[in-house]
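Now that you have both chains on their own, put them together as the hints suggest.
Chains as they are written, first to last, in the numbering used here: chain L, 746 to 1366; chain E, 119 to 287.
Quick caveat, the hints were computed from the structure, so don't treat them as lab data.
Even for Gly, the Cβ is constructed at its ideal location relative to N, Cα and C.
Among the hints, a few may not be true.
Some chain L residues close to chain E (C-beta under 7 Å, calculated; not the full set) [as the list claims (entries may be wrong)]:
1. 758
2. 844
3. 1095
Once the Cα atoms are required to be at most 20 Å apart in a straight line, the calculated SDA-like pairs of lysine to any residue come out as [as the list claims (entries may be wrong)]:
4. L:846 / E:153
5. L:847 / L:1099
6. L:847 / E:188
7. L:846 / E:161
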Amino acid sequence: MKRAYLPGIRKEGVYALVAILSVALVYFFTGLENQISSVIERKASELNGANVEIGNLQIKLFQRSIVLNKIQIAQHTSPMLNLLEIDRIALHFELTPLWRKKVVIDSVDIKGLQYGTQRQHSGSMDTTQLEWVPTSLLDRMSADIYRGVLGKLGENPLKSLELLTTGMDLSNRKKTDAPLEVSEVLKTILRQTDQTTLKWKPEIEQALNHLDDRHRNDWAKLKDIGNSPRQTRNSRAPAEINSLRHYWQEQSARLETLLQKQTQESDLILAQLKALSEPLQRDVRALRKRLNLPSTELSDLTASLLGNRLLDQFSRLHYYIDLSRRRMPKLTRTGGFPISAHYLSNATIVHYGHSQSTPMFILRQLTVESKHDPLRPRSIEASGELRYLTSDPSMLGYPTTLQIQADIASANLKNLNLTVMINHTGDHFHEEVTGSVDQFSLTGYRISNLNDLSLGFAQGIGSSTFHIKFLDEVIDATVDATFDQLEFAVNSRYKQIESILQDILQSIKHTTLKSSLKGPFTELSFNANSQMGKDLAKGLSRELHHQLVAVDSNLEKEILDSVEPQRLEILRLVEDRISDSRNTLKDSIRRSKDLNDLASQVRDRLSSVSSQPAQPLPSLN
Amino acid sequence: MTRTLFFFLRLLERENSPLQITWGICFGFLLAMLPTLTLQFFVILTLFIISRAHFPSAILSFLITLPLSFGLQVFFHHIGAALLTIYPSIFSILEWLYNAPIVPYTRFNHSVVLGASLTAFGIVPLLFWICHRMIQRKYDSIVEWLLDTRISRTWLNSDLKLIYDRSSK
Chain L
746 MKRAYLPGIR KEGVYALVAI LSVALVYFFT GLENQISSVI ERKASELNGA
796 NVEIGNLQIK LFQRSIVLNK IQIAQHTSPM LNLLEIDRIA LHFELTPLWR
846 KKVVIDSVDI KGLQYGTQRQ HSGSMDTTQL EWVPTSLLDR MSADIYRGVL
896 GKLGENPLKS LELLTTGMDL SNRKKTDAPL EVSEVLKTIL RQTDQTTLKW
946 KPEIEQALNH LDDRHRNDWA KLKDIGNSPR QTRNSRAPAE INSLRHYWQE
996 QSARLETLLQ KQTQESDLIL AQLKALSEPL QRDVRALRKR LNLPSTELSD
1046 LTASLLGNRL LDQFSRLHYY IDLSRRRMPK LTRTGGFPIS AHYLSNATIV
1096 HYGHSQSTPM FILRQLTVES KHDPLRPRSI EASGELRYLT SDPSMLGYPT
1146 TLQIQADIAS ANLKNLNLTV MINHTGDHFH EEVTGSVDQF SLTGYRISNL
1196 NDLSLGFAQG IGSSTFHIKF LDEVIDATVD ATFDQLEFAV NSRYKQIESI
1246 LQDILQSIKH TTLKSSLKGP FTELSFNANS QMGKDLAKGL SRELHHQLVA
1296 VDSNLEKEIL DSVEPQRLEI LRLVEDRISD SRNTLKDSIR RSKDLNDLAS
1346 QVRDRLSSVS SQPAQPLPSL N
Chain E
119 MTRTLFFFLR LLERENSPLQ ITWGICFGFL LAMLPTLTLQ FFVILTLFII
169 SRAHFPSAIL SFLITLPLSF GLQVFFHHIG AALLTIYPSI FSILEWLYNA
219 PIVPYTRFNH SVVLGASLTA FGIVPLLFWI CHRMIQRKYD SIVEWLLDTR
269 ISRTWLNSDL KLIYDRSSK
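Pulled out of the complex, with its shape left as it was, chain E reads as follows (with noise of 0.2 Å):
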């Protein structure tokens, strides 16, 4: 139970810097957004695996994208089938892509696939900016404010941080 308890403050503890935690947002938000069983699904899961991405961070985001993802599944349909469907300009483009190695993977000729996925990589790097931005500013006075809440001083101050350290070590 304790073991439990301490991977999980370890785990809240680590790869924490402010760039970790804005990886780990962009990582989960990414994850809720693309549909699954895509190549590019698994390519972001895959990095966000063996990336030092913030965890806790990334669970969050996804959490809290996953809703807004179904809920937006009609308009990514609307997007995707325009692409696909109404602008012979790039059809051949398409055309090129859909006999291409792996990328028919992406299953890109799929409405809300192609919609929810340009979506996700338009909205990211924004994401991404915003985030690391508002974090950086705001990471001293939060981890400030957070060492001052009453949980984080009975548990600086209990014995049980003692073992902890002592484990961590």
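Isolated chain L (complex conformation) (with noise of 0.2 Å):
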């Protein structure tokens, strides 16, 4: 007989069952849209950094869609407004792909968007409340590469416009502790110095040892030689007293080297204490800048500017791409087959498949189709059309573009045509975004807005182009813009500032702007200029130069007095050592030629044939 290992049916445990799957449709068809709705909005409020709210959702399985009404997306960084408002979206899907657990979206229509609306309540979300930081937030934080950029960019020059209505009286402002370069120079001079001339003493002493001596009983020699009879003389007499005069030229001429390089290094020292206008200068700068006092080296500031909003404008774009990357699967190829991955922090998700096989995701199309309503001025006037968006386009083979074409009426913004498009089918992450905008308002744009000084364009319309490529870690943006019919709002509580800045500012009606970012991530480099930023550095540096001049030779006397002591101990410890080494070597070279000169008399007395008595020879000193 056959043993039997099933545990066999329980009826119970099937009617439980049915009951189960009953409670289960019924709730399919009553909470689920809520619970779908909430997923939805909990993820995109993470994605998007800031709530993400739904009015209501309809599942309709029969017709094939979802649609979606009322939905207001967050600004994470202003709350209260929305950063976009949509009446309604249609999603319509295909069911037999469900089967495979492929989701396809045929189509998504969006209607009646608006930008900029206000919010009842508050978007931000309570990150507090929150179990762990969404990862948007984190995400967020990539966008800190720009940082570096804006570091490199400065100080905003127009602050130093407040120097011109106070004056650039330094009295009052607390003096630096840092240390002078002129004092590090007269410090190393000092030592240098302080060196050399220790050596002088030991040299000399070196160079006359023995010398006293043999010049002493050299000197008395020939004085014998010379007032000797002629009979008693020895027969080598000329040739000892040559040995003598070529002993004591040598002499002389060996302790007037010495004394020449004991000048020249002593000229050299003082050279250098005379040389400090390099270091000095640099000092000048470096105490200027410490003490927040602007520079007159301006050439162009577009960048200071301007660069500000431009970089921020990149890091919002960047912040897409890159969430773009990470939540796409990553290709890899192993043994040459193409798989993507999602690597997480503890586990890995794989997904299969050659270029063109089906991935899990894909929006086919989405259209964006919404008209001005005069009486929401907030609204959109948009177009636009997104084609295979999908969580892993490396296995659908297709790069996913999209192209809007907007008219914003409140923003005066015309004809903005803008060309995205991802490519991740490849084993490079590639973007791009291109675009033109042929018509937008300047009317209220804030360029610098300081304590004292808000500058800003009164009017003004502008149009620019633009082509910003990502390819992997680098970056190759271009941004383009002309402006025309300009006119500048300065307000400020100094008229000396409003007035200096109005002369400068009222002869620029029209200007170009050329931008770009490029380099890896590492090393970016951000440039940016104007003929606008060129007549205001222009303008500012002239502004500034003449009351930094008499500023600048304060801060030389200043600097200058500070080192005074310094510079006095130098030329002491030269005179000091100098003088006392040179009168010994002087004296000692004197005195070899005079012992020379007697050499040649003595010489002369014994080749004479001359009977007249001989001049008396001079005795030592």
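The structure is reproduced here in structure tokens:
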């Protein structure tokens, strides 16, 4: 008899299962919509970094559509405003791919698009209530790469204008204790001088060693020879005299060389003392910077004035690019087989399939169509189309493309053409954003907002073209803009500042802006130039220059006064040590020459045949 | 109160053959090991609900295995990731499974799910064989020992037992 290993069926279990399934079905048709809506809200909020709210969600299974009404996407920077508000989003999906766990959305229609609308309540996410910080908030920090460039843009030079009103009075400014370069240079000179001059004395002592005794002996010997009668003279006397002459000539030359060397060294020290102008200038510049005094070496202020805004926009765009890269699986090839994988902290999710095979999620087409509604000023007249948005384009084999044409009447923005291409189909991440705006209003655009100064465009229209390319970790972006019919708005509590800036800016009616951001993330270079920036820099430099000349000479004088004791110490050291050694050397040289002269006289006397009595030979001093 | 007590006592008493206890242990083990929200989890859950497996032993097995399965998550990930990404020779099979109907709902392309599922289904036949052998061999002595305990004797000699027997009929 065959043994049974199965436990058999429990009738009550079947009933319980049927009951559970019935409850699940009821829930599917009643509570599921709210459940899905809240899941979408939570996930989208995490991605956005601020609340995303859905008015209501309807799933129409038999019509294969999902409709979302009244969607509000809050701005993470201004939580009381909506980044976007959409009246209705309708998704049409396919049923059969669900059998294979593929979500294929045929089309998404967006209607009633508005931007920057006021919210009833704050849209900020309360991260303290969250068990974990949403990844999006961490992702947003990836935009920090631009901070390096922002740091290089330096201070806003318009801040310096404040000084024109208060004058460049340094008396009330805190002097810095930082070491001066001049002082450091003088310390080095002092150390070198001390070492150099200390060597002089032993050198001279060595040179004059036994020279005194020899001098005395030779002098006596020469006098003996010179004064002795002819008949008693030694026949070797002329040779001895010549030898003495030669010796003392050599000594004289040696001592003169030594004197010359010492003179050169002391001259060099004195020259170093005089050549302090370069470090002095550097000290002046450093002190000026530390005292927060402006530089007059301004060539173009475009990067300083407009750079922050431009880089902020780059970083926002980069955030979304980065997000798409993080959310989409990374393509790898193992043994020639392309797989793409999400590498999570504690798991890996792998997707299989060659190019052209269907990934788990596809949005085939997203269309935006909305008209400007005069009753709702923030509404956007937009039409756009997005194709092949997928979680895994590397498997679908198509790059994701988005084309948008929009007019925003409230912002006086006309004909915005935007093309976004996301290509993660190859081995590299590649995204490109290309676009142009035919016209946008500059009214109310703030260039700089400082404590005592507000500078912006009172009027003006602009047009722009841009091309931004991300290839893996490299950015190549250019933004060109033209501004016309410019009128500037300058507000300051100091009338002097207003008049200076108005004088500089009144002639600027038209300008072109060229900016570029290039390079790998670690070494980004940002350039921006415009005629407006150049004219501003020129005018500002001119205004600041004449006041700064006086300030510089004051600073120079202060620095020199502070290092005067060091300078005097060096001079004293040189003077003291050189005067001693120089006198000794000069005396020795003179005595060497005297002895040499005596030798010449004695030689002459020996060779003289005259019977006349000879002049007495000089005695030793 | 008495009814609830009798219900649990009946649960303990019913489907208590060695085979049913073994199935209960295996179901409990599988339900603890398999990640939730996967097709295989729901299939096993359904089978457990409709089968005449011993319920208390399943609960006991589930409670013992659950902390173990949490502790072994990293191990499961390594097994799953190795199978999913290292051997190109099985990629074509995995690709076929990935695009097949129903199968993707097993979430086999998730390293932890694959590792845990394979480990669970690999161990369960061995667990069944060992448990069945042990329970068969020791069943009578365990029952004898249980009946000989002070609690059992108190219970068997109590009036409550008479009421329970009557209510069971």
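Hints, verified against the model:
1. This hint holds: residue 758 of chain L has a C-beta 4 Å from the nearest C-beta of chain E, less than the 7 Å allowed.
2. Among the interface hints, the one on residue 844 of chain L holds; its C-beta lies about 5 Å from the nearest C-beta in chain E, closer than the 7 Å criterion.
3. This hint holds: residue 1095 of chain L has a C-beta 4 Å from the nearest C-beta of chain E, less than the 7 Å allowed.
4. A threshold of 20 Å between alpha carbons decides the hint, and for residue 846 of chain L with residue 153 of chain E the separation of about 18 Å falls inside it, so the pair holds.
5. At most 20 Å may separate the alpha-carbon atoms for a hinted pair to count; residue 847 of chain L and residue 1099 of chain L meet this at roughly 16 Å.
6. At most 20 Å may separate the alpha-carbon atoms for a hinted pair to count; residue 847 of chain L and residue 188 of chain E exceed this at roughly 29 Å.
7. A distance of roughly 17 Å separates the Cα atoms of residue 846 of chain L and residue 161 of chain E; the hinted pair therefore holds under the 20 Å criterion.
The structure is inconsistent with hint 6 alone, although it conforms to all the rest.
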